[in-house]
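Trainee: Kindly produce the complete structure, drawing on both the sequences and the hints.
Number of protein chains: 2
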Amino acid sequence: MKIINLDHISSKPLLSEAKKAMIAAIEKDYHNPSSQHKSGEEAAEVLDNARESVAQLINCATPKEIVFTSGGTESVNHAIKGVAMANAEKGKHIVTSNIEHNAVIRSLRRLKTAGFKVTSLSVDAGGRVNPQEVADAITDETVLVSIMHSNNETGTIQPIEDIAKIAREKKVIFHTDAVDSVGVVPIDVQALGVDLLSFASNTFYGPTGVGGLYIRRGTRVFPLLDGGIQENNKRAGTENLIGIIGMGKAAELAERDLKPRLNHLKNLKSKLLAELPNYIDEYILNTHPEFSLPNLVSLSIKYIEGESVMLMLDDDDIAVSTRSACATGSLRASHVLLSLGLSHADAQGTLVISFGIDTTEEDILAFLSSLKSVVTTLRDISPLYSKARLT
Amino acid sequence: MKIINLDHISSKPLLSEAKKAMIAAIEKDYHNPSSQHKSGEEAAEVLDNARESVAQLINCATPKEIVFTSGGTESVNHAIKGVAMANAEKGKHIVTSNIEHNAVIRSLRRLKTAGFKVTSLSVDAGGRVNPQEVADAITDETVLVSIMHSNNETGTIQPIEDIAKIAREKKVIFHTDAVDSVGVVPIDVQALGVDLLSFASNTFYGPTGVGGLYIRRGTRVFPLLDGGIQENNKRAGTENLIGIIGMGKAAELAERDLKPRLNHLKNLKSKLLAELPNYIDEYILNTHPEFSLPNLVSLSIKYIEGESVMLMLDDDDIAVSTRSACATGSLRASHVLLSLGLSHADAQGTLVISFGIDTTEEDILAFLSSLKSVVTTLRDISPLYSKARLT
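Protein chains in written order, with the numbering used here: chain A, 1 to 391; chain B, 1001 to 1391.
Hint data in this document are derived by calculation from the structure and do not stem from the laboratory. Any given hint could be a false lead.
What the hints assert, rightly or not - Here are some chain B residues the structure puts well away from chain A; computed CB gaps all over 10 angstroms:
id	residue
1	Lys1090
2	Asn1130
3	Pro1186
4	Gly1218
5	Arg1220
6	Asn1278
7	His1344
8	Glu1361
9	Pro1383
Claimed, not checked - Each computed DSS-like pair below joins lysine-lysine, with the alpha-carbon atoms no more than 27 angstroms apart:
id	chain 1	residue 1	chain 2	residue 2
10	B	Lys1372	A	Lys302
11	B	Lys1092	A	Lys90
12	B	Lys1090	A	Lys112
13	A	Lys38	B	Lys1372
14	A	Lys2	B	Lys1020
Where is the CB? At the ideal position from N, CA and C, for every residue including glycine.
Mentor: Dropping the structure here:
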């Protein structure tokens, strides 16, 4: 059964080169990189190589600025809680936005129980934070600004460089959650001017459950995992070497192939947006026309439920999503879409279509054709739609 | 180059069945278990199966009591910080022992910066905590007792059942770091009566960078990783499915083969201890004669440095260690050995020999023969040894 995966944001296929590297690592069965004798040296070297590939992908000043983690969520928790706790003597105020991922929102909520105050900025109708509002929100007590690079539900990209500049001028540490950006769009931590940046391996077709945190040299941050001296004393625990090897290989190829991949994704997105009006009507595009990821389109289809569309497409072997996979099980409308000013009804009609290097134009056309028939069927039984027709 | 691995405590080989399961998982390339459509269902099922195998290995009341983590260190950090922060309103006092792993020690040190007080109990000459001292140390402010199940440097096993009984009577949450025990000796969380128990996959020949935390139903503990709703809302982040599959398979075999493995290890240990006096003299055994792991022997060889012995054995392609791999890079004498009452000089002469299901009697004999010549060489140039001969 071939499934058309248009839910890349929840999971991307493993690159065949990453698969090969991981299988070779399993067969090789490395020793612990921290062990004292020569069996560990080879493992330590492999770990260094992966760190270098990842550091190059985001242009670190040195590979030592990379800490390997168990994924984007750990990176975000490490950055936010680690900076907050390490700098609490200076103050207990944090600035963020209303459209962050749950990893950010809930890390901040946890800090509130430890006495931290959080200013959460609203976004404009396009889903973007106004850098001036960040500047205005910073006080003498502010120890951290955390604004995501791109949004996982709408694909909208934030003015990170401008915000980083403001944070730097005001001597406040700046973290960006770039989990959906690294390996998809060019990311240069030095050009962006951020202090911390979270990313995940699966975004660039590496394995799940592995990620990293960029920590600019000299940034004051506590470890989230205390214990051994691994990761230059920044993250304790014996490494997931097999996963890290897969991520290293995926990072190497993401850097090498960034341009052709970008072109491919941009073409698919243009095709989808151009063809959409030929298949359905009365929908809202939640994706910023200029500042957005090339691999994601969010649309709210009026008068029907996204959940029903998703399930009917699933019957046609087409996978899309209605929200972040991390929020599955929650019945509430997405906080991201409500922040854009969407009504509850329109937010409930939302579909997120995300694609990747393995997606073809035929996949997009097959989706559109299924979508047309699903929307027609659902609107035929929609009281909202009948009502709208009568007025 | 065949290396005789007598440093199983720092890394064990992957079981061939675990390798096969992981390679199959890589080739299969599962979708995200949390995704909304049917692609995710198969992955969710595989995740459930692994959870069941692990739950059975330690006899949980329900598989939901298992939280998958990125390894023993994360489990320990989650347990200690999570219980402390979730129960801080009751009090800010924690009881532990002097011989815990760095993951415990440093998690507690981190909590001290948040106002927690820690009572750290000494051990007797055999390396064991006296349960009565735990009872005496508990106050109205105590929210957590954390005592390890077995020590990673000496192999000594603590009276966990007795301590758990005391904690339960005094209504204090009890965590045990069983990272070096689960899958090696029988562990039954219900019989032990613990509230939380940390373990790691590699201890039972699964992959590194994966582990778990047993949380008894109803135990009040905050997540360490906040974000999505994975792991029954107890640990956010997309799962390391490949690693978890490897751990699940390894757990299944650890349960099936526990007895024959135990017999094999006990035989090796008896052989080593019986033969040792035929090869070297003047050493101290740091391993408890009755309560200790079957796969580890710690000995302090007088007048010489363990570090030098380890390096010379490494030249003979025999891997042993002088301390926890997590403490490599530290030059200080082991806090565990000093707690047993060893002098600094004797502590520096310590070797940890740890073996596993792949170790043979020939390996043990090859080690002993190399050890004899290394010890002779080193003592010939040891001023301490010459001095001791003269007196």
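Trainee: Hint by hint, say whether it matches the structure.
Mentor: Hints versus structure:
no.: 1; hint: Lys1090; in the structure: holds (14 angstroms)
no.: 2; hint: Asn1130; in the structure: holds (26 angstroms)
no.: 3; hint: Pro1186; in the structure: holds (24 angstroms)
no.: 4; hint: Gly1218; in the structure: holds (21 angstroms)
no.: 5; hint: Arg1220; in the structure: holds (13 angstroms)
no.: 6; hint: Asn1278; in the structure: holds (25 angstroms)
no.: 7; hint: His1344; in the structure: holds (19 angstroms)
no.: 8; hint: Glu1361; in the structure: holds (21 angstroms)
no.: 9; hint: Pro1383; in the structure: holds (24 angstroms)
no.: 10; hint: B/Lys1372 with A/Lys302; in the structure: violated (81 angstroms)
no.: 11; hint: B/Lys1092 with A/Lys90; in the structure: holds (24 angstroms)
no.: 12; hint: B/Lys1090 with A/Lys112; in the structure: holds (18 angstroms)
no.: 13; hint: A/Lys38 with B/Lys1372; in the structure: holds (21 angstroms)
no.: 14; hint: A/Lys2 with B/Lys1020; in the structure: holds (25 angstroms)
Of the numbered hints stated above, the single one contradicted by the structure is hint 10.
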